[in-house]
Each structure stands twice: as C-alpha cells, then as structure tokens.
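**Q** Based on the sequences and whatever the hints tell you, model everything.
Number of protein chains: 2
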Amino acid sequence: MRLDAPLSGESALIERIAARCVLPTHSGAVSLVRGIGDDTAVLQVGEQTLLWTADMLVEGVHFRLDWIDPASLGWKALAVNLSDIAAMGGVPVGALLSIALPPERTGDWLEAFLNGFLECAHAYDAALIGGDTNRAEQVAVDVSVLGRVAGAPVTRDGAAVGDWLMVTGALGGSRAGLEALLEGAWDTVDLTPHFRPAPRLQAGALAQAQGATAMMDLSDGLAADLPKLLRASGKGAIVYAERVPIHPVAQRWTQARGLDPLSFAIAGGEDYELLLAAPPAVGQRLLEQAPEATGAPLSVIGEVIAEPELWLQYPDGRRESFARMGWDHFAE
Amino acid sequence: MRLDAPLSGESALIERIAARCVLPTHSGAVSLVRGIGDDTAVLQVGEQTLLWTADMLVEGVHFRLDWIDPASLGWKALAVNLSDIAAMGGVPVGALLSIALPPERTGDWLEAFLNGFLECAHAYDAALIGGDTNRAEQVAVDVSVLGRVAGAPVTRDGAAVGDWLMVTGALGGSRAGLEALLEGAWDTVDLTPHFRPAPRLQAGALAQAQGATAMMDLSDGLAADLPKLLRASGKGAIVYAERVPIHPVAQRWTQARGLDPLSFAIAGGEDYELLLAAPPAVGQRLLEQAPEATGAPLSVIGEVIAEPELWLQYPDGRRESFARMGWDHFAE
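Those sequence lines, one after another, are chains A and B. In terms of my numbering, the first sequence opens at residue 1 and continues consecutively. In terms of my numbering, the second sequence opens at residue 333 and continues consecutively.
If you are wondering where the hints come from, they were derived from the structure by calculation, not from laboratory data. Treat the numbers as computed from the prediction; the structure is a model and nothing was measured. A couple of the hints might just be wrong.
Some chain A residues well away from chain B (every beta-carbon gap over 12 angstroms; in silico) [claimed, not checked]: (1) Arg16; (2) Glu179; (3) Trp186; (4) Arg252; (5) Asp260; (6) Leu262; (7) Val282; (8) Gln289.
Label-pair ranges, simulated between beta-carbon atoms [unchecked claim]: (9) A:Gln289 <-> B:Gly566: 48 to 56 angstroms; (10) A:Leu287 <-> B:Ala541: 49 to 57 angstroms; (11) A:Trp186 <-> B:Gly543: 55 to 63 angstroms; (12) A:Glu104 <-> B:Gln616: 46 to 54 angstroms; (13) A:Glu119 <-> B:Asp648: 56 to 64 angstroms; (14) B:Gly439 <-> A:Pro103: 28 to 36 angstroms; (15) B:Asp401 <-> A:Asp260: 47 to 55 angstroms; (16) A:Gly60 <-> B:Glu515: 26 to 34 angstroms; (17) B:Gln616 <-> A:Gly60: 54 to 62 angstroms; (18) A:Gln44 <-> B:Thr524: 52 to 60 angstroms.
A few chain B residues that don't get close to chain A, going by computed Cβ distances all over 10 angstroms [unchecked claim]: (19) Leu513; (20) Asp522; (21) Ala564; (22) Ser595.
Glycine included, every Cβ here is placed at the ideal spot set by N, Cα and C.
**A** Below is the structure:
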C-alpha cells in the first residue's frame, strides 16, 4: 500500500480534528509538547513529563453486554488506556472514569465493573481518582489516564531507515475470541486476550530506556496501525510474513477451520501489544533483556525502508502490498 | 433538610465509587492530593498544582439533537468542564475530547460541533490537544480538562460558621430555556444560558486569590449542590429567599405563566455559576472587586451555620427546610 495516499474513515476524522487543534507552546509553567495524533498527549510541567490520554468504549460498537462480563469490561476500559501510556514508555499515575449506564445497571453490575477496573488499576499501579456517572440507554465508558515518563517519551515519528520493526507478545488472540463470540462458540476458546488485554507497561518502559525510535500500541491491528507509525515517520517498511508472532489462541482457532492464521495476526484488532522501531543494536539488547525483565517476548517482524510503501514479504521472496485490513470504526 | 441523612441517586453512586478510589499520597514526583468528590482531582507535580476533571454529556439525557445545534453542544461540552476548573480557582491548560457519534454526523455536524468547541476553547484560553472518536447509535461526548492553580485550590470542605454564602451571576436562566424547549416554545426565550453557559473562570480565580473558604459550581441547581458543599464542610446554612439572584430569562418566563421564579433559581440546574463561602471581610472585598475585575456580579445569598440543617428564610422571618429539588440523573 502507498503510505502517502489520503486517509479515510476514522483516521481521516482524527486528522480533521487534529487540524483544528491548537497547541500553545507555553501556558505558564505548563507546556504542551505534543497533542493529537500520537498515543497520548505530552505535557511538560517543570521537570516532569506527563502523558495524557482518553479512550471511550461504547456498547454495541466495542462490546456487547450479552458477551462480556462487567468485571472484564471494567478491566478492559482501563487497560486500553494504560496501553497508550505503555506505548510512550511511561508509567500510569491515575485515572478518571466517566460512565454512562441505564438505571438497572447501577447495582451489582456497576459493582462488578468497578471490581474489574480496580483489579487492573492495582495490577499496574494506577489509581482511580475521580469520575462522572450518567444515565443513558447504552453503556458508554470513557477513561482518561495521566502517566509520567522519565526522559523523552517514545513517539510514532522517529523510525529511521534500517530500524528493526518489533512487536511484543503475539497477535491475533483477541480476534479469535471475537470470532468465537460471533459464532456463539465462546466456550471453545480462551477469551482472556479479548476481554482482559495486558498493557505492556514494562516492555514499553524498557524500550524507552534503551532507545527505541518509534512506538505505538496495536489497537486496530498491524495492518491499520503500522501505516500510522510509518506515515508519522515518513518511511515505509517490509514485514516478513513468517516472523509475525501468532497467538496460540488464533493458531488453534484458524487451524480447526482451515483459515489463514496470518490474517488474524495482521488484521485482527485489540491485541494491545506494542509495535516499535529500533536500530539493530538497540533491538538486539531488547531481544535479550525483554523476556526476563518484562515477562513479554519480543519479535523482530520487519525493517524500515525509505520508500513510502508497506510490503509483506514471504519466505520465497514474493512481496505483496499490505492491504488495509485493520479495523476502522467508521469504515463499514 | 437534614444534611447528615444518607444520600440517594447519583450522589450515592458517586459516593460508592469514591469509596473504591485509591489515593496514593506519592507516586514518584507526582502526588495525588485530592480525588473524587470535589469539582476536580488535584495533583501536585513538583511546584505545580494541577486540576483534572472529566464530564460526559449523553444524547437523550443531557441534550436532544432536535433542540441543540451542534456548535452550541460543542461549546457546552467544554464549558461545563471549564466550570469545574473555575470552581477550584484555577485556569485551564488543555482538553481531550472523546466523542461517539453515528456515521451520518461525521460530516457538517461534526465540523459545526468542533467550531463551537473551539470557540469556547479560544474564549477561555484552553487548547484542544487530543481525543478519541467512535461510532455509536447515540451521540456521547466526554471531555477531560487539565488546569492549574497558583497556590491552594478552593475545595468544597472549608466553609466555616459565619461565612457568607455567595453566588456569581443569576440563577434559573438555563431552567427557563429547558422549559421553553419542553413546551416547544424555543423562539420565545433566550436560550443562551441553557446552550452556552459561561464558565466563571475569572470570578473563581479572584475568589481563590482573595481567600474564599469553599467553592463549587452549580451544575445540578442550588437545592442539590449547596447540600454537597455543606456536607463536605460538616456545616449547615440559612439561605435568604429574597437575596437569591434570579436570571432575567427565568424572571420573564415565570412571570408570563404565574410561576414562582424562586423555584427556578433554586431548583433549576445547569446554570454553571459559582457557589462559594467566604468570611465576611473576604466576601466584602469580593463584592467590591468582582463586577469590574471579572464581569460577573456577586450576591450574598445566606450564611453558614453550625447545625447540619439547610433553611430557606423568607423576609417575614418564616423558615422552611430546603426540599431536595435539584436535578439528579438517577432519581426519576
């Protein structure tokens, strides 16, 4: 795919909003370093660099209440935001929770939701420090998280020619869970990757400390997210098909149905693994240190090239242009 | 009304969430000073005191799209958050906008919404610095705002016996607009107070600088909000009926219909004026300085007493207990 073509769908929408953003370089002692268009906004407050992000989950779009239990929804609502903090190399400070819900869900359902939210908060050392509740016909949850980072955050725009492209963990597990839910076969699959993603905070902090040049989290799938990193960096990439790590849940699901596991790993969304670029020497150190230091394996899946193209290369040398296969909320 | 009785509805819900909040006193160089239960959370970042809040507006609950134009909705979505910053005595830094909307509203409608949002941002020196867009059947908007304050923020819990109770501007104008919309008479009334509330940032900053002891913004109406301030402070109050400033829009609306204008001023929500407590000497200075320095008139409406009761006192000396007349999202 050409990476300098116009955007469509949600990406275009965000571009339109970004074009309207104002980013004053100084507002007294607090300055805004970076606004819309990366995983988080960046603020400089005296010596401290703060990260700030918000993510909304809407019933019927991001989740179905007959599928997900409230505790898992609470976990996920926070985890997807922590993943944005991880993608900048930061650690969380606290969260605000805005939740709209029908009156009949303000009892046990909300209690269970809060249990899941706080379980995630405790697991990653974040604090719930405020929020807003509202009545609505559909459940909608918006979480805003502040984090901090020691030194410079890792943004999307620093990838250089020759950098390795790397991902944490394995991809496609969440998509397999979604497929199982769609087929009504939820008892045949481990839904943990879909319901309770693990934000890669330790891996993100290690990559930041070691000198990764660009990083983002994989929320919409590699096929949709990698182009964002490459566009921001003004580069292209080759991805080696056989190196893309496939989640065992996706492996089993596709094998049983004669499907292509690679399509799950590339086009599946909501894995919340980290995608990063790093010079080979840095990448080598990360490969050695990550499993023990962060609990998350790392894989090299490709390399950054100068021409603004994104290629998927097979072991036999055949290349094809990456199709736009990721999830877009406004592209039906 | 007794102010030490158990809470119900939305207030009880927020109390339940508050009881689950964790407020670590230190998180590295960033410490959380205050969490849920005030207008904003408070963070200490080195020398800087930051304010952080989020407010969600949901279609069918807070607004109807056949009533409000998108530009006014954009203005209001930001203004209600800036009002929370004003209520702590702070100034805004920036905002994150999360918006869920149906695909057919991503064109001109969204453009007009952003125009209104940014008009408000420019008017009050806030910056839109990021956000999230999502598809949904209903429009839901959640805005998160960071602000800062020089010195200590004014919280809800500092009111002392003998303090004056004061409000900015005049009350009930938003309620009159809502009534007009409900009756289909929107061309007979000025809807500005309902659609485009003016956050009282200058008045809030002045009150903070001069030494107000407690402050909050009036989002749910005096009858619902004043008890929150008094509960937090562990005090009661007498409100003098004839001193409650009634908005001219409410005055005209109630006069034409033989209604009681005071009930609009006391029980109407969404005025986004500030309610504050101050020792008489501070109150006197504020009365003198506010109109010229902030453009907002100030009125003394009552005084703080020790017993946990809230009385409405008439000019003839008759007292009645404040009924709980404010707006509560979960009390139908």
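**Q** All hints are to be evaluated individually against the structure, with a verdict given for each.
**A** Right, here's what the structure says about each hint:
The claim that arginine 16 (chain A) is not at the interface with chain B is violated, since a C-beta of that chain comes within 12 angstroms of its own (minimum 8 angstroms). For glutamate 179 (chain A), the requirement that its beta carbon stay farther than 12 angstroms from each beta carbon of chain B is met, with the minimum near 20 angstroms. The Cβ of tryptophan 186 (chain A) sits about 24 angstroms from the closest Cβ of chain B, beyond the 12 angstroms cut-off, so the non-interface label holds. At roughly 31 angstroms, the least C-beta separation between arginine 252 (chain A) and chain B is larger than 12 angstroms, which holds for a residue marked as non-interface.
Chain B leaves aspartate 260 (chain A) outside its interface by the beta-carbon criterion, the shortest separation being 27 angstroms against a cut-off of 12 angstroms. With a cut of 12 angstroms on Cβ distances, leucine 262 (chain A) stays outside the contact zone with chain B, its closest approach being about 27 angstroms. Non-interface call for valine 282 (chain A) relative to chain B: holds, since the shortest CB-CB distance, roughly 25 angstroms, exceeds 12 angstroms. For glutamine 289 (chain A), the shortest C-beta to C-beta distance to chain B comes to about 22 angstroms, beyond the 12 angstroms cut-off, and the non-interface label holds.
Here the CB-CB span from glutamine 289 (chain A) to glycine 566 (chain B) is close to 54 angstroms, well matched to the stated 48 to 56 angstroms. Under the hint 49 to 57 angstroms, the C-beta atoms of leucine 287 (chain A) and alanine 541 (chain B), about 56 angstroms apart, fit the expected range. Remark: the range hint 55 to 63 angstroms for tryptophan 186 (chain A) to glycine 543 (chain B) is upheld by a beta-carbon distance near 60 angstroms. With their beta carbons about 51 angstroms apart, glutamate 104 (chain A) and glutamine 616 (chain B) fall inside the hinted range of 46 to 54 angstroms.
Range check, glutamate 119 (chain A) to aspartate 648 (chain B): Cβ separation about 58 angstroms, and the 56 to 64 angstroms hint holds. A hinted range of 28 to 36 angstroms for the beta carbons of glycine 439 (chain B) and proline 103 (chain A) is consistent with their spacing of about 34 angstroms. For the hinted restraint 47 to 55 angstroms between aspartate 401 (chain B) and aspartate 260 (chain A), the CB-CB distance of approximately 49 angstroms keeps it satisfied. For glycine 60 (chain A) paired with glutamate 515 (chain B), a C-beta distance near 33 angstroms keeps the hint of 26 to 34 angstroms intact.
The hint said 54 to 62 angstroms for the Cβ distance between glutamine 616 (chain B) and glycine 60 (chain A), and at roughly 55 angstroms that hint holds. Against the hinted window of 52 to 60 angstroms, the Cβ-Cβ separation of glutamine 44 (chain A) and threonine 524 (chain B) comes to about 37 angstroms, which falls outside the hint. Even its closest Cβ contact with chain A, about 19 angstroms, leaves leucine 513 (chain B) beyond 10 angstroms, as expected for a residue assigned away from the interface. Non-interface status of aspartate 522 (chain B) relative to chain A is upheld: no Cβ of that chain comes within 10 angstroms, the nearest being about 27 angstroms off.
Its beta-carbon lying about 15 angstroms from the closest one in chain A, alanine 564 (chain B) satisfies the requirement of being farther than 10 angstroms from that chain. Its beta-carbon lying about 23 angstroms from the closest one in chain A, serine 595 (chain B) satisfies the requirement of being farther than 10 angstroms from that chain.
Against the hints set out earlier in the document, violations occur for numbers 1, 18.
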